[in-house]
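Q: Now for the letters of each chain:
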Amino acid sequence: MSGFDVSVILDALPFLAKGLGLSLGLTAIAMVGGLALGLIIAIARLSRFRTLGTLAALYVNGFRAVPLILVIFWFYFLVPLLLGRPVGALYSVLIAFVMFEAAYYSEIIRAGMKSVRPGQWQAAQASGMTYLQAIRLVVLPQALRKMAPLMVTQGVVLFQDTSLVYVVSLHDFMTSASIVANTQNRIVELYVFAALVYFALCTAGSTLAQRLSSNRQRAH
Amino acid sequence: MNYAWNWGVLVQPPYLEWLGQGIAMTLAVSIAAGIIALSLGTLIGIFHSSTSGAMRLVTGSYINLFRNVPLLLQMFLWFFVVPELLPKAAGTWLKRELPNPEIITAIVALGLFTASRIAVQVAAGIAAVPGGQSMAARASGLSTVQAYRLVLLPQAFRIVVPPLTSEFLTIFKNSSIALTIGVYELTARTQQIQSFTYQGFEAFTAATVVYMVIALTVTTLMTVIERRVAIPGQSARV
Amino acid sequence: MVEMIRINGLSKSYGDVPVLKNCSLDVARGEVVVICGPSGSGKSTFVKCINGIEPAQAGRIAIDGEDLPSKPAAAARIRARIGMVFQHFELYPHLTVMENICLAQIHVLKRSREEAKAKAHGLLRRVGLTDKEAAYPSQLSGGQQQRIAIVRALAMDPVAMLFDEPTSALDPEMIGEVLAVMLELAREGMTMVVVTHEMGFAKAAADRVVFMDCGEIVEIAETARFFAEPASERARLFLSRILAH
Chain A
19 MSGFDVSVIL
29 DALPFLAKGL
39 GLSLGLTAIA
49 MVGGLALGLI
59 IAIARLSRFR
69 TLGTLAALYV
79 NGFRAVPLIL
89 VIFWFYFLVP
99 LLLGRPVGAL
109 YSVLIAFVMF
119 EAAYYSEIIR
129 AGMKSVRPGQ
139 WQAAQASGMT
149 YLQAIRLVVL
159 PQALRKMAPL
169 MVTQGVVLFQ
179 DTSLVYVVSL
189 HDFMTSASIV
199 ANTQNRIVEL
209 YVFAALVYFA
219 LCTAGSTLAQ
229 RLSSNRQRAH
Chain B
217 MNYAWNWGVL
227 VQPPYLEWLG
237 QGIAMTLAVS
247 IAAGIIALSL
257 GTLIGIFHSS
267 TSGAMRLVTG
277 SYINLFRNVP
287 LLLQMFLWFF
297 VVPELLPKAA
307 GTWLKRELPN
317 PEIITAIVAL
327 GLFTASRIAV
337 QVAAGIAAVP
347 GGQSMAARAS
357 GLSTVQAYRL
367 VLLPQAFRIV
377 VPPLTSEFLT
387 IFKNSSIALT
397 IGVYELTART
407 QQIQSFTYQG
417 FEAFTAATVV
427 YMVIALTVTT
437 LMTVIERRVA
447 IPGQSARV
Chain C
105 MVEMIRINGL
115 SKSYGDVPVL
125 KNCSLDVARG
135 EVVVICGPSG
145 SGKSTFVKCI
155 NGIEPAQAGR
165 IAIDGEDLPS
175 KPAAAARIRA
185 RIGMVFQHFE
195 LYPHLTVMEN
205 ICLAQIHVLK
215 RSREEAKAKA
225 HGLLRRVGLT
235 DKEAAYPSQL
245 SGGQQQRIAI
255 VRALAMDPVA
265 MLFDEPTSAL
275 DPEMIGEVLA
285 VMLELAREGM
295 TMVVVTHEMG
305 FAKAAADRVV
315 FMDCGEIVEI
325 AETARFFAEP
335 ASERARLFLS
345 RILAH
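These protein sequence lines are chains A, B and C, in that order.
Just so you know, we're using the numbering used here here: the first sequence kicks off at 19 and counts up by one.
Just so you know, we're using the numbering used here here: the second sequence kicks off at 217 and counts up by one.
Just so you know, we're using the numbering used here here: the third sequence kicks off at 105 and counts up by one.
These are computed hints drawn from the structure, not numbers from a lab.
Take these hints with a grain of salt, some might be off.
Rough simulated footprint, nothing fancy, chain A against chain C, three-plus residues with beta-carbon under 8 Å [stated by the list, open to error]:
id	segment
1	173-181
2	202-212
The calculated DSS-like cross-link candidates involving lysine-lysine, where the alpha carbons are at most 27 Å apart (straight line), are [what the hints assert, rightly or not]:
id	chain 1	residue 1	chain 2	residue 2
3	C	Lys175	C	Lys125
4	C	Lys223	C	Lys236
5	C	Lys236	C	Lys221
6	C	Lys236	A	Lys164
7	C	Lys175	A	Lys132
8	C	Lys214	C	Lys236
Okay, the calculated bits of chain B under chain A, using three or more residues with CB under 8 Å as the criterion [claimed, not checked]:
id	segment
9	295-309
10	403-412
C-beta atoms are modelled at their ideal positions from N, C-alpha and C, and glycine is treated no differently.
Turn these sequences into a full structure, and let the hints guide you.
A: Okay, structure coming up:
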C-alpha cells in the first residue's frame, strides 16, 4: 500500500456528492411517505374495527420479520411485473422503502398514541369530539412530542439502510464510493472516506435525537 | 399480470439444496454473531453504566462508532480495508489462508455491530433498576462486583429481555447483508434461484416464509424466557 | 316534569366481572344528585356511561328527551351538550389554558375564535383566573387546574354537568376552592351528577343522594333523609365509616 491518496477522493467529489444526494433524497422521501402511511396504519391498528386492526398488524409484523434486502429484491422483481413494463430500479426501491419504513414508523406512532393517558381520550370524547378529531387535536399533538426523538433515530437508521440499494446497483453514496474504489483501485481511501461521511452525518442525527429527548425530559 | 407459476421449482435439484444451504448459512452466521454480540454487548453495557468518566468515554465511543456507520460499509471495511492496513504477513494470511474469509468476516462484523446495540439496551436496563437497590446493596456490605452480580444485573436482565428479542430478530435479518461480501445465505440463494429460473415469486416467497418462521421461533422462545424469569407479583413487561 | 337525564337498566361487565348491574336513575332539570359509595362500587363507571364515553352493554340513556345513540358520530353530538369534569382534570398539557377552553368550542360547536375567546373570558372572570389564560396546565396548582377544567366544560353551554370525583386528586387545602365553584353552579340551577366523597358538599348542595355498592344502586334518597336515617344497612355502615373521619 502506497500511502493515503487524498487526491483520488477530491477528483471523485462531484460523483460522490451526486451519490450522497440520492441517499439523502431517498431518506427524505422514505421518511415522509413512511410517516404518512405509518400514521394510517397506526390508526387502523388502534381502531374499533377488528378486521382493520388485524390487517394492519399483519402488514406491520410481515414487514418487520423480513430483511430489507429481501424487500428490495421483492419490489425490484414485482413492480415491473405488476405494471407490465420496466420502470427502473429507482421507482421499485422508492416503493419498497416507503412501505418498509411505514411498518416501523407505525409502531413508533402507535406507541406514542398509546402513551397518552386514557383520560385525555375520554376528555376529548366527553366534549363531543369525534374519534378522528380526538386523534388530530388532542392525542397526536401530545404523542408527537414524545415520538420526535424516536423518529429522528429511525431516520438515522433509515439513512444507513439506504446503502442497501447497492444490491440493485442504484448510485447512492455507498455504491458511488464502491465504484470509484474499484475503478481507481483505491479501496482503502474510498471506504474510509465513506465511513467518515456516514459517521459525521449519523452522529449529527443522533445528537439531534438526544437533544430532543433531553429537552422533553426537562420540560416535564 | 403475466406470470407462469411453478411452485415445483422449489423442490427440484439443485434449488432445494440451495435453499437448505442458504437456511443453514443464515442460521450459522446469525447464531455465531449473536453469541459474540450478547457477550461483548453485555460487557460493554455494564461498563457503560459505571460512573467512571474515562470508562464511559471508551464504551460510548465504541457504541457511537459502530452505530453510526452502515453495517454494509462495516462489512466492506473488515473485508477489504482491514487486511490492507495490517502488517503485510497478517494481511496476506487473512486474504489467502484463512478458510472462508467472507463467512468469518460477516460473523465478526455482524457481532461487533450488534454488540453496540445490545450494550445500549443493557446499560438502559441497569439504569432502569431503582437507585435505592444499588444503595441497599452497598449498605448491606456487598462489593461493587457483588452488587452488580447479585442485585442489579438479575433485575436489569428481566427488564432487558423484551428489547433483546427485537435485537436478536434484527441479527437474523441483518445477516442478509453478508451477501454483499459473497456469503451465500438465504436471501442470496433465493436471489440466485430467481436469476436462474425467473421464478422470483416462488423463490422470494420461500425466503419470506423462512424468515417469518425464524421470527416466530425467536419471539416464542424469548416470551418463554420472559415468563420463566418473571418475578411473581410484577408484570413481566415494564 | 321533563327529566333531563333518564337512565334505565344500565348493565356493564369486564369479561365475566360485572361492574354495573341494572342501574336506573332519573335526574330532573336543575336537580343536583350526589353519587357516593365505597371504592370499587362502580360509581365512576356509572357516571362515565351517562355520556357514553364508557360503553354499556345493556340499558337505555336519554338526555333531554333524546336517546343516546350507539353510533359514535351521533353520540358525539349529544356528548357536546353534557359537560364532564374528571378526577385527574385531563386538561390538554400541550395547550394553554385559553386554548384548552376554546378547542371544543371551535372544533365541535364551530364557534369563531373571537366568540370562543369571549366566552372563555367571561367564565375565567367568574372563577377568578383571568390572569392564567396564557399559562400551561403544568404551571398551575391542582385546584386551579380543576377550576379551569370546570370552565372548559361550561364553555360548551352544557345542559347538564357530570363530575367524577372532582376533588379526590387534590391536596386538602385546594378542595375548598373547587367545591365553592361547584356550589355556586348548583345554586344557579345547573343539572348536576356528582360522584364524590365530600359529604359536606352533598349536604349543602344535593337534592338527592344515590348510594352504590358492588355495581348496584342500593338506595336513592332525599339528602336530609339519607343522612338522618339511611334505609339500607350498607349505606348506614358506609356513612358511619366516612363520617367518623
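Q: All hints are to be evaluated individually against the structure, with a verdict given for each.
A: For each hint, the structure was consulted:
| no. | hint | in the structure |
| --- | --- | --- |
| 1 | 173-181 | holds (count 4) |
| 2 | 202-212 | holds (count 4) |
| 3 | C:Lys175 - C:Lys125 | 23 Å, holds |
| 4 | C:Lys223 - C:Lys236 | 15 Å, holds |
| 5 | C:Lys236 - C:Lys221 | 14 Å, holds |
| 6 | C:Lys236 - A:Lys164 | 26 Å, holds |
| 7 | C:Lys175 - A:Lys132 | 23 Å, holds |
| 8 | C:Lys214 - C:Lys236 | 24 Å, holds |
| 9 | 295-309 | holds (count 4) |
| 10 | 403-412 | holds (count 4) |
Going down the numbered hints, you'll see the structure goes against none, and every one checks out.
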